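J.: Going down the list, the sequences are from chains A and B. For the first sequence, the positions run 1 to 229 when this note's numbering is used. For the second sequence, the positions run 1 to 456 when this note's numbering is used.
These are calculated hints, taken from the structure and not from any lab test. You can trust all of the hints, since none of them are fake.
Derived, one-sided and incomplete: chain B residues facing chain A with beta-carbon distance under 7 Å: (1) Thr251; (2) Ile257; (3) Ala259; (4) Glu261.
These figures come from a predicted structure and were not determined experimentally. Just so it is clear, CB atoms sit at the ideal spot from N, CA and C, and this is done for glycine as well.
These are the residues of each chain, in order.
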Amino acid sequence: MGTRVLLVEDDERIRQALGLALADEGYDVVETATGEEALEVVDPDLDVVLLDLMLPGIDGIEVCSTLRSRGDLPIIIATARSDTADVIAGLEAGADDYVTKPLVAGELSARIRALLRRRRPAPADDAPATPEVRLGDLVINTGREEVERDGRPLHLTHTEFRLLVELASARGDVVTREQLLQRVWGYDYFGDTRLLDVHIRRLRRKIEPDPDDPRLVLTVRGSGYRTGP
Amino acid sequence: MSSLRRRWESVTLRWRVALAFGLVTTAVAALLSVTTWQLASGYMLDQRERGATNQAVVDARLVAENLRRTSDELPTLLVGLTGRPETSVLLRSGGRWITAGREVDVDDVPPALLAAAPARQRLEIDGLPVLAVAVPVTPDGDLFVRLAPLTELDRTLRFLSGVLVTGTVFAGLLGTLLGWWTARRALQPLSELTGAAGRMAEGDLSARLPVRREADLAPLAERFNATADALEERVRRDARFAGDVSHELRTPLTTMINAAEVLRRRRDDLPDAARRAVDLLIADVQRFHRMVEDLLEISRGIQVPEGHDLAPVDLAVVVENVPASLVPDAVVDVAEPAPLVTADRRRLDQVLANLCENAHHHAGGVVRLAVVRRDGMAAIEVDDAGPGVPVELRERVFERFTRGVRTVRDGSYTGGTGLGLALVAQHVHGIGGRVWVEDRPGGGARFVVALPEVAL
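Please model the complete structure; the sequences and the hints are all you need to start from.
T.: This is the structure in structure tokens:
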């Protein structure tokens, strides 16, 4: 069975053309025109959601946070402009990646593949003991994709988890923004940093005792990030 | 003459006013000085002459008395009459000259003066200015001559003339300075207007003149500001229109791109003619796409004030992050330590991408990418080995829809949108930098993006 993509787009012609092109790329496309409809048809078989932020009725941001609250289904948001507050709002609401219009099936396909590559592998009971990485008082289990503090699990999305692992495994060395984007989002980064900034912010909110005074994930002015001692 | 006039006209108004002030003041001061000189020197000389004459007359009377008594105290008397050492007295008595005081040769005294006695004359004897007064002593030709030195008067007059000349020159300078200052004050609004118009020409649409209360100048400022408002509004409206149009174009564009994508995947199944048509279609849909994107970006830059995404950026990282596919053959050359600038990273990346694409389309690609320090600024240099940009086109290339001179529009060209460099200029200005093109040493063009460096 191919990858199932939920396409939420209110413009019918775009929906048709994009659906056609994505199907042509080998995806199994489910099309909906509104947010309400999208929330109804979401099922566990879906692999990724492609969500237009400008929707009639409930808007994209709300759909995004509702979907995120239900689970960690990968979400890519589509925005009209890359420099508006939309992007930040969508990413803050839990989106994993964003694309700007006009949407091109080829580019979307690359993003989807990159997103799915970092999905959790099917948990196997006979999985070998996987290495644990420690960061401050966090215990990161890379195999089971779990993070614990004092024995209590913290819930991260796959993207947040990959980001944390990349930072933690550098063991205090600076990881540049480009390296992070390349390793976590997996495509040749060229042009935007908000994606990373917002994810770092989301990550800090989940793992830092005081997100305004980060001790685990530190900013290195002008180049990137590193983990604290 | 006409060349003189041309030179005069090339002098700035401020300096012309200053010079005119200076000339007038000098003339007035000179006139005053000359008059003062005439009056003062005339008066002093007159006083001196009168004094000397009276003295000589009194002396002559004493000598006459002495001669009548024919005492032999005459030489003593004469010595007594000299008074001061620079003074000489001469007495012709019975065709014989007796002198006393400072040594003088009788031949130095002009015979005309002696013949005309009583008479007086100013002379120079042995380098000393003297006033000679000749008075007859007796009716039978005895003559008394007193040579009084004028050195003191001369010194006084010289001092006076020095004061007057200095005063005149000083007044002239002061006048020039006053004129310069006055002109500057008077022309201040003009300078402001020049500044504001210049800023506007450089693209700062918010340049305005301060509104002054002076009745003469207020209308100028108001009219300028009103014109600027109208211009700004118009530019923004045009930008908004371009933005709206591009925005609206994106919906059909999305449909076209994705439909074309499907066709491209089926390209090999198509008959020959349809395949060629699909190739053409896809190439132009892509170009259309880029053009709409660039237009949106440009109108966005004009409408939205920049500055909301500014952060410190390491230029080395920016340059090293340019995808190798854009600069396959470039040497990368980064100054140590690499400079840091405050910039919107997304726009800076786009600037670099556009410059590299421009080199690719017009000059066979980038040969060197460098981060350097130039004239106190941090700079990125993008070099190509193409034909270079002729001097007369170096500003125009940054305007919208200026295509390279070599660009042949025969269909083989599917590269630029004509907006890439305009976008570069807009972005660079937006983050407080400058961009220009110059000759690359060894041939080709060098595009330079200079930005203010910040400390870490």
